[in-house]
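Asker: Reconstruct the complex from the two isolated chains, following the hints.
Listed in order, the protein sequences are those of chains A and B. Under numbering that gives the first Met the number 0, the residue at position 24 of the first sequence is numbered 23, and the numbers go up by one with no gaps. Under numbering that gives the first Met the number 0, the residue at position 19 of the second sequence is numbered 18, and the numbers go up by one with no gaps.
Derived by calculation from the structure, the hints in this document are not laboratory data. Please note: incorrect hints may appear among the correct ones.
Stated by the list, open to error - Some chain B residues close to chain A (C-beta under 8 Å, calculated; not the full set):
{"#": "1", "residue": "Ser-39"}
{"#": "2", "residue": "Ala-254"}
{"#": "3", "residue": "Asn-384"}
Said to hold, decoys possible - In silico lysine to any residue, SDA-like type, Cα no more than 20 Å apart, as pairs:
{"#": "4", "chain 1": "A", "residue 1": "Lys-115", "chain 2": "B", "residue 2": "Glu-41"}
{"#": "5", "chain 1": "A", "residue 1": "Lys-81", "chain 2": "B", "residue 2": "Leu-385"}
{"#": "6", "chain 1": "A", "residue 1": "Lys-118", "chain 2": "B", "residue 2": "Gln-211"}
{"#": "7", "chain 1": "A", "residue 1": "Lys-201", "chain 2": "A", "residue 2": "Thr-117"}
{"#": "8", "chain 1": "A", "residue 1": "Lys-201", "chain 2": "B", "residue 2": "Tyr-304"}
{"#": "9", "chain 1": "A", "residue 1": "Lys-81", "chain 2": "B", "residue 2": "Gly-309"}
{"#": "10", "chain 1": "B", "residue 1": "Lys-386", "chain 2": "A", "residue 2": "Thr-117"}
{"#": "11", "chain 1": "A", "residue 1": "Lys-227", "chain 2": "B", "residue 2": "Gly-309"}
{"#": "12", "chain 1": "A", "residue 1": "Lys-85", "chain 2": "B", "residue 2": "Gln-380"}
These figures come from a predicted structure and were not determined experimentally. The C-beta atom is built at its ideal place from N, Cα and C for all residues, glycine as well.
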Amino acid sequence: MKRTKWISTRSYRRFPALAQVVVMSISFLLAVTCCITFPPLNAAAAAAAAEPSAQEILDSISSSNILSGNGQATLEMTVVSKQGRKKVQQLELYRRDDGKGNVSQLLVFTAPADIKGTKFLSIGTAGKETQMWLYMPTLGRERLISGSATQGQFMGTDFTYEEISGAISFSAEYTAKRLADTTKDKLSCYVLELTPKSDKAKYGRLKLVVHKESRIPLVIEFFNRAGKAEKTLTLDGLHKSQDGIWQPKTIILNNLSSGSSTIIDILQESREEVSEEMFTLRYLRR
Amino acid sequence: MSGRSVYCRPQPAALVLILTSWCVLVALAAAAGSQAAELSGEVGYSFHYLTEAADNYKSSLTGQLVFQSSSSLGGFYIEAKGKFETQPNKTEKEWELGQAYLDIYLENIDIRAGNQTINWGTADGINPTSTINPQDLTSLTNMEPAWLPVPAVRASYYFDSGAALTGVVARHKAADLPANTQLAGIQPSEPKEAERYEIAVRGEMPLPGGPQVYLTYSNTWEDYPVMWLQPVQSFPYLMPMAKYRRQQAFGVATATTYSSGVAWIEAAYKIPEKLSELEMGTSPTSNLPLSGNDPYAQVVVGADYTFTGGLYTSAQLFYNGQGSLLNPYFSAPGQPEKAHTYLILNSRYTITEAPDSQIELMGLVDVNGKSSLLATRYSFQPLQNLKLFAGYVLAKGEQNDIKMVRPQLQGWLIGATYSF
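So here's chain B without its partners, still in its complex pose (with noise of 0.2 Å):
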């Protein structure tokens, strides 16, 4: 059995940058009154037993702590998370900064500094407009969609009129890596660091009638790298690279209200960095791609209705013009993947005669492929803090993305939390 310990180190200057202004804001807040700094947390386990990986169960003991004070000047939050994870083979050790950020609060301008996430749309889960932090997908079986948090400074202007424009400079944060890809085992070339910026800008406005419309514009680094395979001299002839490159992103959400609910279109047009080690040639010299070229849309359509008894439920068409929403790569090299159309449920009902219970459904439905990702979870609360849950995921299908995430999230879950 092997061991391995992880302290990821908060970016030195982002935590210079929130020390300092802890140490302004602090004084500034007690000139204004504002509430007492507070420490919140929460500690949980979790027993994943997985039944189509051969390393065969997971099991995770997590702890989450937060500081944070806020006044009408501006405030601060602080989260460190930790994580002690054991498999048949290896156990983890974790720690890691997670939210950690200073907030600002002029006349008309709200600024938020540090490691943060910038979470733009109207779609419920899967946000096409929001490319500053990268997002596990598979995270969506959790029932709480979880973004990497980034260092950013984010600024928004808000007018009278209840329009408002935010603008955003980030420094690039890699993604983990998709578990059982083509990429594993490859370590691809970063970004050097005075090119690792991200910029995106977002306009919102009131529309007639009530609801908002935001435009979006951002030129980021993309979540995963691009992969091909290149010919080389020796054995195994074919030699796979990746690198991460750029894209530029123009997007717009809207969400309003109809009869019976609240309807939403989400909508991006994506435009990556061509690369020449993407350009498939007809010598045998060239590289065979695994990542598309090509610019592509990304469409979310989606409507709620919460039924009488209190059952809620959502359905979003997701259209994906790069192909699978699970696997970046192409399924067979040199062969781009064709757009894929999913339908994602979510559904949320409390128990009428125990309300202290409550159970969720996702489903995540590739309706080209016929596969599809369902992930169901009864949870119980039998005190005030404490919340028991037990769930269970099924990977169905035979496509190579659902083959991919099949061992990592195929299985049972149980476990419980202690917020505090």
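Okay, chain A solo, but in the shape it has when bound (with noise of 0.2 Å):
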């Protein structure tokens, strides 16, 4: 039997897992990057986090986004309209945890030609709103992302920018019951249904299939206020990488609204730590 083991924020410092980060950036639960798994240790530990209450889940998951990592990875985004028309974007995320809460993530477009050196840096700091800012090189300067606009269309994706930048925290907005596990892709999965606690939350239901392992939700599901679905979130291709980090080869959100999909597939990832400048006013207007 295996056991899984949540390693101190200390610890997974040294392994940030990039691809995961990818993830839980991508995939507004920034959450779910330091999963990582160990030999098994002993099987009563293992029985005991074989069932967790639907609560420990979610907060394994949105913990895990406190407990994040850094690094560096090139995107690929391509926004497939109803019609079926393609539009493919090129980006580069870099992202930042002092394991404190403070996360900060940059992205910047490096193709196609019309969007190109377009920047979009989220700065979040613990206990307080994440702020925003959108740098167009046509404007030449930035521009402050907040209240509504954060729920604004990003960059003509499915994704808005609140999403985009991870700002989304499961755990302090809903409360989650767990329903029957499940299997997907052969990886055995628990279920969660997320209820909001207040009407400040964004949706009025959430469906949640976590893979059971490395704690990443491999489906969200986002249901409306009237229990419409709206989007769909599914992370393809998991799987173990060399250095035992769980991590998907694609992410696709569905929006089941306008009939348009987000795929984002990761081409190129590193695990450096980015230099904390990179996270600042100044570097956006270079």
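Answerer: This is the structure:
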């Protein structure tokens, strides 16, 4: 039997998992990054870990939002319209997490030509609202994104600014209930249903399919207040890298309202720590 | 049909600086492992059917080439633009250097030297604290405000606290003179080369809670020349005269979040050089000024909101103590304009069922004068790099400033751009 162990922030820093950084950045739950598996220790612990409560599962996802990593990745983002037209964007993702809830993320568009140089910076400070800026080369200066604007469409994709910045905390806004376990792609998964704690939460209901071993949500279904399904996020090709880190190959967000979808492929990644100065207005303006 | 060809030469000094520095940078960049230099560009065509103009159409073919590279030590950016425009009675060919600058990044200092735009402020589209680059406000109807790049050196020092101090030394470049004003046919006297310099400084600091506050000071040349009517002995007895003058501007700007979006305020107090030519005397031989000679304030207050479904909208109130934003001159000689207040609306919506389609709306409504400039545009991207668009501009009202811009703006527009 195997035992899954959640390592400390300090330990995690030695194993920054960028692919998972991508997952968490792009998949609303920046969270999933710190799931690193270790060899089995004892059966009792494994049994205890096997049947956690709904809240424990949700906390383990969201708490990993605090325990996150640093890194850089090259992504390809393909937006497919309802009519099947494709729009491909390439971008660099930089991420830094000090392990105390201060998470900074920078997205730099490198293609196509009409959006090249556009940058999106989000700086999350523990206990405070995440600050977001969008820099557009044609404007020549940064623009603050806040309030209702965070729910706006991010650069023509199906993601909102809030979602792409990873500023959503499911654990803080929703109550979890466990449903019957399931399997996805032959992987054993928990199933959670989340309902909002207050009217402030954006969605009326969420359904999460969470991989048991890595605690990475493989499917998230988003329902609006009227109970209608709005979006579905799917992580495909979850596999363990040579370093023992779980990571997906593709992230797909289906917008059920518009019929469009956004597909994110991870082309390249680096686990080197990203300099703090990249997450500043100074760098944004370059 | 007449033909005209224009070649706008880049400033020699700026060009030498760029080329020399470029060589240095290429060597530095190679050492620092910079990204390879990239070439990109755009070609576009637009047809503007002008419903209120004698020359009732304008057909424009445009091209833009950009060559750029960057590294952790710096970078360069060179932009060349071309335009071939035909109207019923004239044809224009124009080549010009757009932005062309060199960046150097030192430990705490970022330096940018070359032809560049320096866009300061927090307001959307029109920025009272941005005084270096001339801006043609009629470009707002294109949904993308455009500034004329000027040769300048800008250096920004960044403090560890998040504060920054920026200094700019620039060379004055005259704006294209507004069409259909009293200025038509007049050649204003330009400043001497040695006096063309402009300076500006900006300090910025984060306040507790996050908002940045910007304080600016500038000593620049005004975008447009001042005008007056000077009595002469012979017919026409009053000779229109024009010249450029300096102005100082003190500005402040900030933007902050509120529960539903972002709110901003930007204000500038502008003190133009006092010219004796603009003083109105009581004798019959006194000049009749067409421009003000007194300090004035410009203030913008605005906020944005994104509705459920993705409709973005922003609204701004713009107070201009100088008078009209569209026409910088008095409607009647010797009679100073009253302050104007404008409501500026911007809206953008991506159609949910067709994410390749976007609708944009811009409105500039003169609250006092009951006139307005409205522009709407629909754009559609059938292919990744191809954008098709169609729009309409309406200039409504009987004020002089609206009458002035109506012929050049009101009408239908269709076009396409292809980027690579």
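Asker: It remains to establish, for every hint, whether it holds in the given structure.
Answerer: Hint by hint, here is what the structure shows:
no. : hint                  : in the structure
1   : Ser-39                : 4 Å, holds
2   : Ala-254               : 5 Å, holds
3   : Asn-384               : 6 Å, holds
4   : A:Lys-115 x B:Glu-41  : 13 Å, holds
5   : A:Lys-81 x B:Leu-385  : 18 Å, holds
6   : A:Lys-118 x B:Gln-211 : 18 Å, holds
7   : A:Lys-201 x A:Thr-117 : 27 Å, violated
8   : A:Lys-201 x B:Tyr-304 : 16 Å, holds
9   : A:Lys-81 x B:Gly-309  : 17 Å, holds
10  : B:Lys-386 x A:Thr-117 : 18 Å, holds
11  : A:Lys-227 x B:Gly-309 : 18 Å, holds
12  : A:Lys-85 x B:Gln-380  : 10 Å, holds
Checked against the numbered hints above, the structure violates only hint 7.
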